[in-house]
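The primary structure of each chain is shown beneath.
Number of protein chains: 4
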Amino acid sequence: MIGRLTPGAHNAITDVAGVRVGHTTLISGEGPLRPGQGPVRTGVTVVLPHGDNLFRQKVRAAVHTINGFGKAFGFEEVRELGVIESPIALTNTLNVGLVADALAQYAIRHSPEIGIHTSSVNVVVGECNDGYLNDLQGRHVRAEHVWSAIEAASSGPVAEGAVGAGAGTTCFGWKGGIGTASRVLPARAGGFTVGALVQSNFGRPQQLVINGVPVGRHLRPPGPPQSPPDPGSIVIVLATDAPLTARQLRRLCVRAGAGLARTGSHYDHGSGDFVIAFSTEGRIAHKPASLTATQTVLADEPKAMDWLFPAVVESVEEAILNSLCRAETLVGRDGHTRYGLPVDEVAAFMRKRR
Amino acid sequence: MIGRLTPGAHNAITDVAGVRVGHTTLISGEGPLRPGQGPVRTGVTVVLPHGDNLFRQKVRAAVHTINGFGKAFGFEEVRELGVIESPIALTNTLNVGLVADALAQYAIRHSPEIGIHTSSVNVVVGECNDGYLNDLQGRHVRAEHVWSAIEAASSGPVAEGAVGAGAGTTCFGWKGGIGTASRVLPARAGGFTVGALVQSNFGRPQQLVINGVPVGRHLRPPGPPQSPPDPGSIVIVLATDAPLTARQLRRLCVRAGAGLARTGSHYDHGSGDFVIAFSTEGRIAHKPASLTATQTVLADEPKAMDWLFPAVVESVEEAILNSLCRAETLVGRDGHTRYGLPVDEVAAFMRKRR
Amino acid sequence: MIGRLTPGAHNAITDVAGVRVGHTTLISGEGPLRPGQGPVRTGVTVVLPHGDNLFRQKVRAAVHTINGFGKAFGFEEVRELGVIESPIALTNTLNVGLVADALAQYAIRHSPEIGIHTSSVNVVVGECNDGYLNDLQGRHVRAEHVWSAIEAASSGPVAEGAVGAGAGTTCFGWKGGIGTASRVLPARAGGFTVGALVQSNFGRPQQLVINGVPVGRHLRPPGPPQSPPDPGSIVIVLATDAPLTARQLRRLCVRAGAGLARTGSHYDHGSGDFVIAFSTEGRIAHKPASLTATQTVLADEPKAMDWLFPAVVESVEEAILNSLCRAETLVGRDGHTRYGLPVDEVAAFMRKRR
Amino acid sequence: MIGRLTPGAHNAITDVAGVRVGHTTLISGEGPLRPGQGPVRTGVTVVLPHGDNLFRQKVRAAVHTINGFGKAFGFEEVRELGVIESPIALTNTLNVGLVADALAQYAIRHSPEIGIHTSSVNVVVGECNDGYLNDLQGRHVRAEHVWSAIEAASSGPVAEGAVGAGAGTTCFGWKGGIGTASRVLPARAGGFTVGALVQSNFGRPQQLVINGVPVGRHLRPPGPPQSPPDPGSIVIVLATDAPLTARQLRRLCVRAGAGLARTGSHYDHGSGDFVIAFSTEGRIAHKPASLTATQTVLADEPKAMDWLFPAVVESVEEAILNSLCRAETLVGRDGHTRYGLPVDEVAAFMRKRR
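Chains as they are written, first to last, in this note's numbering: chain A, 1 to 354; chain B, 1 to 354; chain C, 1 to 354; chain D, 1 to 354.
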């Protein structure tokens, strides 16, 4: 367990009440890469801030770019308006366009006024490059896969490892994937919950640090070094029920970078490291009833912020480690293999060092 | 003619040597809106910084968000790396995903190493909401339309008005569309060329200002006031052959906002106002031959910058006005009509005021 | 009168209830420049968001940099925390340090707990370079001048032209200075007031545009062209009683750039163009009583924003013109002369063009 | 020793050829705080990118704000123009104004054309709040102290700990101060040097992590917990001889945040965490000889960047730890005591854990 704060019931982003997560995992074919056909090792993961119509009941949100070598979708409007109005989707790099299109279709289906009687919809998509295992050029995530992930999204425990958008990713040279964690603040700090979910796809083997121990200097994946065509990326989604403004949520996003650094990342040149944060409190109506509204807002005070910030740091660090620990060995295109982190071996090594 | 500087040969973005522009215009159907089917009043416009492989020979670039109510694609990576590596496409709001996907496919076709032996590709797409005339939900721009616009792209004169991505747009309540203009600096300021191309879709009738004259206070489109579902947007593309760094190109982008303001815009709440700028000088190889390279860079000096900045302001102001003056009346979905600006009437009004 | 909205009672930033403005004007000596001694043509202007203790009762605020060739003080913390906690001071470029120090001393006097029992104070200072008329190196604004401007600050009419921080500035080659203006929204848009105050020191004679008429092409200051050592700057302060968050206030700041552009500015290379905005509504206590607070916030809606934005644009454009029209001819160091804009001549010229 | 790269000859920022560091340390008086009089535990530290006239020969530079709860001076212009043109000074929070003024005076003395025949000068100052030990309100750093630090600045070994701007600072509840470190890249990565210098004043005792070991959970400063009035801050200065543009230098700045995170920081709410970076290569003349210049620029390539980034991370982490290890126990105002980190005890604890 990372850090000093207490996890929520599921140690997952879904510990923030109302948040739902869904995956569609696409694993099929094997053997040599036939660009456009397979093998397929990819998918989509969606995070829903609540179970109602997100276009009509938006949530306050922020985004932050740690290293912008990546193709995030929808960030400009989140920065301007401070809200998210659609499910957040994670997928692979070359699939961002198709997944964004699928989210737009989904929004139209549930809010048919979009683009006819009211404005259009801003969808948010993050991505990692899973091209070491997957036929990236094939862009195998289709609209139906996005919709079924949304339909399947649920609260409660979250599947981790090589699932959804994490099916084909690589982290520190090991099999990466989806990971999640959460922290609950003590009552005197408001009792708020912070949750993180990551799609991990970054880092070189020698960089890996687990709870402060430089495991990567001693433990390397079997076989010869295998470089991905692109050195990485991570997308981090943060949720909280603390009543934060967009400005404050951006402050949380910045702390996700600290959690990432603790796992050994240097925010490598080719790693698109992005953070998306939202608060489930204080929904914003698409058509507000009046010109002004009353909002509850957390004070910019150490008593509040200096609990939320470590909650973010610990959740992100642990979510990344969970993505590693839950992922099992996977063989992809051209026999490319990413090994699951040998959890027992790591545990033994850690014990020796403690 | 706006301002005091001299336009290039075509008064177009293509006056910057090597720059190419192509359109695919989609106009079909009439009568009541059948969401997903038509009528269709939309399209795509592409700007190519040069005619070679853009992925392998990138150009220095910058982006800037004046008002982020919009869905621009690819901005994060341009900010981080300061380059553009694909054609720039303009289209409608809900088509950004599909057009981005088409650009990725195009890049893969010409650089099959993408995502297999090297990193993925960052494509850049801007958009406006043409839903007042067009079946926005239909997302009618398909990959073939993007590719044919790229294939058709040429230097020389540029078609303006209700073409390409401007087919269905509205500007100050009149028919808007694509407009372009350019300015050439005197030899003592380096003799550089600046070109602008806009997709105009913003403003209310009463706001229109032409060369300082508040035309919009006196001249309104016929018929009852007709509000679009979304109040607007403009995407501005700037090109120059001045050897500028990404930082300097961002400075140019900021001045595009001054040109926009001179036409009467207040950067309205719902208007996604974005700027993309690139320099055709000093290409950046995808695989550089060595760790360091020698670049020619313009000095941050009034002698250079204080010529480039008004060249941007004048080009943008004039490109917007050209988009209005070249667009003819168009009837779209549900009989919605956008009238072409009555150029003779405007000219008479302007003369009276001068 | 610029634009279509209605000014407040004094057409001044003080039309926003509670806002106070004070000046200390320093004009002494004549003849050749003796660096460090004189002649002196400078001063300080302060804007107080309210008349109470600003450190203990902060106001929500934002800052925005149009062109960062300047030495603004205190911007980082306003960006992070979204509040202003001291009077805002305007002065000349080389005096920023001393004026910031004087503001800190002022805050300590009124809140002696600063730096002992609580955190330190963030002061905000903007500046222009008045070195064409003034002995800039002399840094003649002393703490007492700052304090007396604060003591003298009042609501009601605001002195404009060559006063306070505008004593030595130059605008479009004419004598510039302090200018202010305001706009009141109609009741259906909330009835809010927006006020602007500027320290104008930018532009070349040929650029000047008044209400759309390119006056500068025809009317030039007498005598040979006189270039300042630095081509300019403008600091714009915006006040409103609309209940805006820091994010929304930043949106207002961006629109100040549109007002500036309408006077003919290209945001010249050497012009430090900065905007500071605050809301008098919803004060933030230094020591909040509880972890969360209830705030009234304006909706991000066209019905509200698309009135506030033109109110900013018109106020800024008019405040700049007021700074020109109210400034009288001033002779400074080395006989350098800035002529007051010949208002009657301009009016006659404008009439001919209307 | 932190990390895997090799330090330079002095393991100091001065390992970057030409860089100089100077301190003025002010320690006087003891006993109860008499605001404005003492006791004094403060100072100033300056970093000079080279030994020539910095105004006339600027260096490429960038700044980055990790958490903007602080009063940095000069950042706007560095962001706009990408250069630094004066010594960089570090001091305490309330002294920023006076130190900025002293730097301006220094620049004027060496470039008397400033503000008379050419533009004014942009100085850069960072700060921490040393009010727990020091009479912060007294603003005891005077112009002479700044000038003597500049005069004393030298290459070679750098004094660390409770010196200069670090005289009164606190880090993780222990005595903090100035620390420095450097890393040299292998020849195949260009052989460049990266150096960091920090003024450390952040963190709570329980957060301290040394080389991955959570030392702070076990080792606390003697006596009852002692909270500073302000929970912290750190200013980080980075130097390199790699030929980087301002955009690339900003990328280095972002990585400094990763180094900071590894020492246990969560970028606390009240901690002003700022980074300033410059390259000693490719000086920019104040008056360039021609409109364009030829620059050597490092490629944005993993082969270069993914060496520079860990060099930054390791240098910053180690510079912070050096600031702790070199600082000795100091008693300040009101008997407030900050203990020097017991290095032997820490070493024993670390050995037990390895």
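I should point out that these hints are in silico values taken from the structure, not numbers from a laboratory.
Remember, it's a predicted structure, so these values are computed and weren't measured experimentally.
For every residue, glycine included, the Cβ atom is placed at its ideal position computed from N, Cα and C.
Errors might be hidden in some of the hints.
To be verified - Ranges of calculated distance between the beta carbons of each label pair, as one might list FRET restraints: (1) D:Asp52 <-> B:Pro186: 44 to 52 Å; (2) B:Pro112 <-> D:Asp52: 49 to 57 Å; (3) D:Gly282 <-> C:Pro222: 55 to 63 Å; (4) D:Gly282 <-> B:Ala17: 47 to 55 Å; (5) A:Thr294 <-> B:Pro186: 55 to 63 Å; (6) D:Asp52 <-> C:Ala348: 54 to 62 Å; (7) C:Thr329 <-> D:His117: 44 to 52 Å; (8) D:Pro225 <-> A:Pro157: 36 to 44 Å; (9) B:Thr294 <-> D:His117: 31 to 39 Å; (10) C:Asp334 <-> D:Gly282: 32 to 40 Å; (11) B:Val331 <-> C:Pro222: 37 to 45 Å; (12) B:Met350 <-> C:Pro157: 32 to 40 Å.
Unchecked claim - Each computed EDC-like pair below joins lysine to aspartate or glutamate, with the alpha-carbon atoms no more than 20 Å apart: (13) B:Lys287 <-> B:Asp52; (14) D:Lys287 <-> B:Glu301; (15) C:Lys287 <-> A:Glu301.
Quick rundown of the hints versus the structure:
1. D:Asp52 <-> B:Pro186: 44 to 52 Å: At roughly 34 Å between Cβ atoms, Pro186 (chain B) and Asp52 (chain D) fall outside 44 to 52 Å, so the hint is violated.
2. B:Pro112 <-> D:Asp52: 49 to 57 Å: holds, 51 Å
3. D:Gly282 <-> C:Pro222: 55 to 63 Å: Since Gly282 (chain D) and Pro222 (chain C) have Cβ atoms about 44 Å apart, the given range 55 to 63 Å is violated.
4. D:Gly282 <-> B:Ala17: 47 to 55 Å: Distance hint for Gly282 (chain D), Ala17 (chain B) is violated at roughly 28 Å.
5. A:Thr294 <-> B:Pro186: 55 to 63 Å: Check passed, 58 Å falls within 55 to 63 Å.
6. D:Asp52 <-> C:Ala348: 54 to 62 Å: About 55 Å separates the Cβ atoms of Asp52 (chain D) and Ala348 (chain C), which means 54 to 62 Å holds.
7. C:Thr329 <-> D:His117: 44 to 52 Å: Violated: the Cβ-Cβ distance is about 24 Å, outside 44 to 52 Å.
8. D:Pro225 <-> A:Pro157: 36 to 44 Å: holds, 39 Å
9. B:Thr294 <-> D:His117: 31 to 39 Å: holds, 33 Å
10. C:Asp334 <-> D:Gly282: 32 to 40 Å: holds, 37 Å
11. B:Val331 <-> C:Pro222: 37 to 45 Å: violated, 57 Å
12. B:Met350 <-> C:Pro157: 32 to 40 Å: With Cβ atoms ~38 Å apart, the hint holds.
13. B:Lys287 <-> B:Asp52: holds, 15 Å
14. D:Lys287 <-> B:Glu301: holds, 8 Å
15. C:Lys287 <-> A:Glu301: holds, 8 Å
Checked against the numbered hints given earlier, the structure breaks hints 1, 3, 4, 7, 11 and satisfies all the rest.
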